[in-house]
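S.K.: Position 20 of the sequence shown, counting from 1, maps to 62 under the working numbering, and the rest follow consecutively.
Keep in mind that a hint or two might mislead.
Said to hold, decoys possible - Restraint-style ranges between C-beta atoms, simulated for each label pair: (1) 71 with 98: 45 to 51 Å; (2) 48 with 76: 38 to 44 Å; (3) 48 with 101: 35 to 41 Å; (4) 120 with 76: 22 to 28 Å; (5) 100 with 46: 22 to 28 Å; (6) 52 with 114: 25 to 31 Å.
Everything labelled a hint here was simulated from the structure, so no lab data went into it. Nothing here was measured: the structure is a model prediction, and the numbers come from that model. Cβ coordinates follow ideal geometry from the N, Cα and C atoms, glycine included.
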Amino acid sequence: MILVDDLLVKPFVSLLDILHAMAVEEMYDVEAIQDDIKENRLLYELGERPEWEYERRKADLEAQLETAEEVRERLRNGKVEVKR
């Protein structure tokens, strides 16, 4: 029975682990968020974005960046848990 589990279940679980890691990396892409912060600043400096919108977007992006960095660190340390 253990042999059957190893042959049938282990590859499936490994695949799910890989897919989970890829999804987390894509959802919490630090570089993409940093690019969005730069774009937001550039649009504000060019006058294409009002100050109130710039400040709101900046706060949202900084919160996302903080979360992404925390998740990335936890993923590296193997401490990411899926809560239901």
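S.K.: Does each hint fit the structure? Answer for all of them.
M.R.: Structure-based check of each hint:
1. 71 with 98: 45 to 51 Å: violated, 21 Å
2. 48 with 76: 38 to 44 Å: holds, 42 Å
3. 48 with 101: 35 to 41 Å: With a Cβ separation near 49 Å, residue 48 and residue 101 fall outside 35 to 41 Å, so the hint is violated.
4. 120 with 76: 22 to 28 Å: Once the Cβ atoms are compared, 25 Å apart, the range 22 to 28 Å for residue 76 and residue 120 holds.
5. 100 with 46: 22 to 28 Å: violated, 55 Å
6. 52 with 114: 25 to 31 Å: Once the Cβ atoms are compared, 27 Å apart, the range 25 to 31 Å for residue 114 and residue 52 holds.
Checked against the numbered hints above, the structure breaks hints 1, 3, 5 and satisfies the rest.
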